[in-house]
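Residue numbers (the working numbering): 16 to 78.
Check each hint, because a few of them may be wrong.
[Said to hold, decoys possible] Simulated pairs of lysine to aspartate or glutamate, EDC-like, Cα-Cα distance not exceeding 16 Å:
1. LYS50 <-> GLU61
2. LYS65 <-> GLU40
3. LYS50 <-> GLU40
[Unchecked claim] Quick list of the computed label-pair ranges, beta carbon to beta carbon:
4. SER28 <-> GLN59: 27 to 33 Å
5. PRO31 <-> TYR52: 15 to 21 Å
6. LYS65 <-> SER28: 25 to 31 Å
Because the hints were derived from the structure by calculation, they are not lab data.
Positions of the beta carbon are idealized from the N, C-alpha and C atoms, including for glycine.
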Amino acid sequence: RNIEDAYINRYASTNPAEYFAVISEYFFTAPEVLKHYQIDVYEQLELFYKQHPRIQSSLILKT
C-alpha cells in the first residue's frame, strides 16, 4: 500500500504496526479525510472498531 500521500504521516511507512496506529488515529480524529483518500481502509476500520466516527462527530456538533 502506498502511504506516501501528503495526508498520511510518513512515520506510518516504517512498519505495519505504525501504519495501523496512524490510520486508526485518522479514523477517529479526521474520518472525512481517511474516507476520502482510502475508503476501503475506512470501511474496514468501521467493522474492526464497530464505530462510525463520521456519524458520531456530526451528532456531537448538532447538540
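Outcome of the hint check:
Proposed proximity of LYS50 and GLU61 is supported: the alpha carbons are some 11 Å apart, at most 16 Å. Between the alpha carbons of LYS65 and GLU40 the distance comes to roughly 15 Å, so the proposed pair stays at or under 16 Å and holds. Annotation: proposed proximity of LYS50 to GLU40 holds, straight-line Cα distance about 13 Å (limit 16 Å). At roughly 19 Å, the beta carbons of SER28 and GLN59 sit outside the given window of 27 to 33 Å.
PRO31 and TYR52 have their C-beta atoms about 18 Å apart, which keeps the hinted 15 to 21 Å range intact. Between LYS65 and SER28, the C-beta spacing of about 27 Å keeps the proposed range 25 to 31 Å intact.
Comparing the model with each earlier hint shows a violation of hint 4 alone; every other hint is respected.
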